[in-house]
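Asker: Join the two chains into one complex using the hints; note that each chain is given alone, in its own frame.
Line by line, the protein sequences are chains Y and E.
Under our numbering, read the first sequence as residues 1194 to 1305, first letter to last.
Under our numbering, read the second sequence as residues 19 to 243, first letter to last.
No wet-lab data here; the hints were simulated from the structure.
Here a beta-carbon is modelled for each residue, glycine too, at the ideal position from N, C-alpha and C.
Misleading hints may appear alongside valid ones.
If you anchor each label on the Cβ, the simulated ranges turn out as follows [as the list claims (entries may be wrong)]: (1) E:G156 with Y:I1227: 52 to 60 Å; (2) E:N144 with Y:Q1234: 30 to 38 Å; (3) Y:G1232 with E:S86: 46 to 54 Å; (4) E:D196 with Y:A1235: 28 to 36 Å; (5) E:G112 with Y:W1255: 27 to 35 Å; (6) E:D227 with Y:A1286: 53 to 61 Å; (7) E:A57 with Y:I1251: 37 to 45 Å; (8) Y:I1227 with E:T148: 45 to 53 Å.
Here are a few chain Y residues that sit away from chain E, every Cβ distance over 12 Å (derived from the structure) [to be verified]: (9) L1207; (10) C1215; (11) H1225; (12) F1231; (13) F1247; (14) I1251; (15) M1256; (16) H1259; (17) A1263; (18) P1265; (19) E1266; (20) K1268; (21) G1270; (22) A1286; (23) V1289; (24) K1302.
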Amino acid sequence: MNGRAVPPRRLWLLAAGFLVWCSALVVLYALHAIGCAFGWQAGALRWSLAIVLFVHLIVIAWMWRHLATARPEPKLGQAAVFLQTVVVWTLIAALVATVITFAPSLVLKTCI
Amino acid sequence: MVVAGLMAALCGCSGPLSTLDPSGPSAASIALLWWVMLAGAGVLFALVLTLFLLVVLRPGWGSRLPSSRWIVLGGLALPAVILLPLICYGLLAGERLLPLPGHSPPRIEAVARQWVWTFRYPDRGNVATTNVLHLPAGTPVDIDVSSEDVIHAFWVPRLAGKIDAVPGQVNHLRIQADTPGRYEGQCNEFCGVGHARMHFVVIVDRPADYPAALAAAAATTKAEP
Ligand SMILES: [Cu+2]
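With the rest of the complex left out, here is chain E (with noise of 0.2 Å):
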């Protein structure tokens, strides 16, 4: 039963927009600390519960403390013990994230439109595609995200966190795919009647086979109107 029930939870944990599936360094991060963050919320949850329990086991059971201690105990001492750590760990794995300007990867521009992705490449010759992003594996790209009209947010959950495409400014994600293949990404900010179907593909090629992909892809996006 317990087997058969995490079975079907952790099915829940794998598909194209899955967190919990990451394939690069940013989302992995985010991940665990995904993971870190429910072990510390089981942690508590299960002191909670035991303490709960032998109060309805144990009629009487800590009456012998007084409430001021109870609550100083229960109500502080027990979530700071494990909120605090969480606190930091999340602080410390955030900052990692960071696009520390230093050394520079590859641009790549995401502008956002009701209900549109443009991609523009500024280092291959400014080409353009369209709801499809091409990136080469395994090397770190920096993604300038803006919008022409509403906040709209660039999220491509198998690679990195989110970041808001805001009109009028400019905000860069840091993001590297590991394995080659295709990922799905989606906006992540209520944009208006079409943000539920704003997603867009993202097609992660062999570095060898990355120019000649892009190329193509840029050709069929000219095509259309």
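If we strip away everything but chain Y, and leave its shape as in the complex, we get (with noise of 0.2 Å):
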């Protein structure tokens, strides 16, 4: 064995990138409904959707950039840098997801 053992909590992690993703689903429907049934002009609906995604995207980017940058301590060995590439790669793999899922949203048609 080389190294001590990650703490459980860092496990989290993995979980980071596509709970963002969960975050932007859950206000980004509950957004639209509700303009939609208040009759909201389209123009606002639809840049208020557009801001909350770019909101949604900054905080993934912010995180990824920031655990690809960051050292993982030496003494937890390689399972560190193991949990530390996957978690970097779940990080992509939710920001490409975000915008494939949602972006389409505030091109179509708002509400009818």
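Answerer: Here's what the structure looks like:
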């Protein structure tokens, strides 16, 4: 065995990217429904959806940057390096998934 | 053998509740989307099977490519090339099905209740029919779908997509039947023990016959308690 065990708490980082994706889903869905139900102007609704999406993208990008440049503690050994690699890739996947799943809602018809 | 198999498979494509036997523009667009998706899935399946067979029949094939390249090309590029165009096509097809305001076709109210459909015709003296929907052929109609109790869904597979019947809310579905005839509809959201039997008949009349046919149907509805 090389190094000490990675603290179990740190495994939560694996879910971090897609938790932000979940938040984007819930907030965009709710905002869209509320905006249509209260008859907001299409332009205003579209812009608020775009801003919400943009904020979520910024959060994921910030986490990506933060984790990609962080140096794993040497005493934690190989497992920490592996965990960091996997977390960084989940963040990239979450970023791409957020764009693909939610960006179309900005372009399509908002309410009918 | 192949022909016999195809015939057997394609026989399942007709029938009163078949989305693959469309009889209106919305249903035709949905059926086409289905075929396009099937073709996309077929291409992907063929590509994956080809790779699989190459690996099985020629051991060592592809081992010169590093595994990270395989992950990016096979796991991301290969599906993305097929799935991203399919997403775009699906979104565009869905966008064109929307009952956009602007030109407003005649309206019919479809009210769901456990386990009955009531259709009201505001443009025709507000007459009503039960479990039978009368439509004029060749012209779009907007169905205002709502519910009196739980969530149901209005679905006439050969004419259009389905839409939920939600209590306290009116959802709109634009529907057009190209040819006169008898079609069938089905509640498509589980709504209790009577759900499976909550179907209805759609009679599409020639425009000239429509008023009389509707009046006759509404008269028999009133006669029932
Ligand atoms: Cu029902």
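Asker: None of the hints should be skipped; say for each whether it holds.
Answerer: Consistency of the hints with the structure:
1. G156 of chain E and I1227 of chain Y have their C-beta atoms about 39 Å apart, which leaves the hinted 52 to 60 Å range violated.
2. In this structure the supplied range 30 to 38 Å holds for N144 of chain E paired with Q1234 of chain Y, their Cβ-Cβ distance being about 34 Å.
3. With their beta carbons about 51 Å apart, G1232 of chain Y and S86 of chain E fall inside the hinted range of 46 to 54 Å.
4. At about 33 Å, the CB distance of D196 of chain E to A1235 of chain Y agrees with the hint of 28 to 36 Å.
5. The hinted range of 27 to 35 Å is satisfied by G112 of chain E and W1255 of chain Y, whose Cβ atoms lie roughly 33 Å apart.
6. For D227 of chain E and A1286 of chain Y, the hinted distance range of 53 to 61 Å is satisfied, since their beta carbons lie about 58 Å from each other.
7. The hinted range of 37 to 45 Å is satisfied by A57 of chain E and I1251 of chain Y, whose Cβ atoms lie roughly 38 Å apart.
8. Checked against the hint of 45 to 53 Å, the pair I1227 of chain Y and T148 of chain E fails, with Cβ atoms roughly 36 Å apart.
9. Separation of L1207 of chain Y from chain E is adequate, the least Cβ-Cβ distance of about 18 Å exceeding the 12 Å criterion.
10. Its beta-carbon lying about 20 Å from the closest one in chain E, C1215 of chain Y satisfies the requirement of being farther than 12 Å from that chain.
11. With a least beta-carbon separation of about 15 Å from chain E, H1225 of chain Y lies farther than 12 Å from that chain, consistent with its non-interface assignment.
12. Non-interface call for F1231 of chain Y relative to chain E: holds, since the shortest CB-CB distance, roughly 14 Å, exceeds 12 Å.
13. At the 12 Å boundary, the C-beta of F1247 of chain Y stays outside the reach of chain E, the nearest C-beta of that chain being 20 Å off.
14. Listed as outside the interface, I1251 of chain Y is consistent with that label: its C-beta sits roughly 24 Å from the nearest C-beta of chain E, beyond the 12 Å cut-off.
15. At roughly 21 Å from the closest C-beta of chain E, the C-beta of M1256 of chain Y stays outside 12 Å, upholding its exclusion from the interface.
16. Every CB of chain E lies more than 12 Å from the CB of H1259 of chain Y, the least distance being 24 Å, so the non-interface label holds.
17. No beta-carbon of chain E is positioned within 12 Å of the beta-carbon of A1263 of chain Y; the least distance is around 22 Å.
18. For P1265 of chain Y, the condition that its CB be more than 12 Å from all CB atoms of chain E holds, with the nearest at approximately 20 Å.
19. At roughly 26 Å from the closest C-beta of chain E, the C-beta of E1266 of chain Y stays outside 12 Å, upholding its exclusion from the interface.
20. Taking the minimum C-beta to C-beta distance to chain E, about 28 Å, the non-interface status of K1268 of chain Y holds against the 12 Å cut.
21. Against chain E, the non-interface label of G1270 of chain Y holds: every CB pair exceeds 12 Å, the least being about 23 Å.
22. Non-interface call for A1286 of chain Y relative to chain E: violated, since the shortest CB-CB distance, roughly 10 Å, does not exceed 12 Å.
23. The Cβ of V1289 of chain Y sits about 9 Å from the closest Cβ of chain E, inside the 12 Å cut-off, so the non-interface label is violated.
24. Not every CB of chain E lies more than 12 Å from the CB of K1302 of chain Y, the least distance being 6 Å, so the non-interface label is violated.
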